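*Asks:* Sequence:
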Amino acid sequence: MSQTFKTQADVMVSTAGRVDNTNDEVQGELTRLQGVVDSVRGSWVGQAQVSFDNLMQRYNTSAQQLREALTSISENIRSNAHNFDNVEAENTQAFSNVGGGLAL
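Everything in the sequence shown is counted per numbering that gives the first Met the number 0, starting at 0 for the first residue and increasing by one.
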């Protein structure tokens, strides 16, 4: 039974790592896109530039929220894996204590 739980906790940790990798890839792409957008910013003037800047502020806010959400997801998965391992260790100890008190 403990092997099943250990495997599931390992899968959780691995999944958290994949979420981190995905977050890094997404942030890299968003940074690349920001560079492209910054290169055309000067093309806009007047109200068009103000609208463009407002749009980019919303974009940057959304990109930050995405980064934070993915970071939170990976942290929560890791925390759940740790808690899962702790509960399994406690259960193993409880069964050992019960078994030790029985005359089998």
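It is worth saying that the hints were derived from the structure and are not from the lab. Computed from a predicted model, the values in this text were never measured in an experiment. Among the hints, a few may not be true.
[To be verified] Distance ranges between label pairs, derived from CB positions:
#1 Gly16 x Leu54: 48 to 58 Å
#2 Trp43 x Gln63: 46 to 56 Å
#3 Asp37 x Ala93: 39 to 49 Å
#4 Thr21 x Arg57: 49 to 59 Å
#5 Asp37 x Gln92: 49 to 59 Å
#6 Gln7 x Asn96: 21 to 31 Å
#7 Val10 x Leu65: 22 to 32 Å
#8 Val10 x Glu67: 51 to 61 Å
#9 Tyr58 x Ser78: 50 to 60 Å
#10 Gln48 x Val25: 19 to 29 Å
#11 Val86 x Gln33: 11 to 21 Å
#12 Val25 x Asp52: 16 to 26 Å
#13 Arg40 x Val86: 50 to 60 Å
All C-beta atoms in this analysis are idealised placements derived from N, C-alpha and C, irrespective of residue type, glycine included.
*Asks:* Run every hint past the structure and note whether it holds.
*Replies:* For each hint, the structure was consulted:
1. Gly16 x Leu54: 48 to 58 Å: Since Gly16 and Leu54 have Cβ atoms about 34 Å apart, the given range 48 to 58 Å is violated.
2. Trp43 x Gln63: 46 to 56 Å: Hint violated: Cβ distance 23 Å, outside 46 to 56 Å.
3. Asp37 x Ala93: 39 to 49 Å: Since the Cβ atoms of Asp37 and Ala93 sit about 59 Å apart, the hinted range of 39 to 49 Å is violated.
4. Thr21 x Arg57: 49 to 59 Å: Once the Cβ atoms are compared, 23 Å apart, the range 49 to 59 Å for Arg57 and Thr21 is violated.
5. Asp37 x Gln92: 49 to 59 Å: 58 Å, holds
6. Gln7 x Asn96: 21 to 31 Å: Check passed, 24 Å falls within 21 to 31 Å.
7. Val10 x Leu65: 22 to 32 Å: 24 Å, holds
8. Val10 x Glu67: 51 to 61 Å: 24 Å, violated
9. Tyr58 x Ser78: 50 to 60 Å: Given a distance of about 30 Å, which is not inside 50 to 60 Å, the answer is violated.
10. Gln48 x Val25: 19 to 29 Å: 27 Å, holds
11. Val86 x Gln33: 11 to 21 Å: Because 43 Å falls outside the window, the suggested range is violated.
12. Val25 x Asp52: 16 to 26 Å: This hint holds: roughly 23 Å between Cβ atoms.
13. Arg40 x Val86: 50 to 60 Å: 53 Å, holds
Figure legend: structure checked against the earlier numbered hints; hints not met, in rising order: 1, 2, 3, 4, 8, 9, 11.
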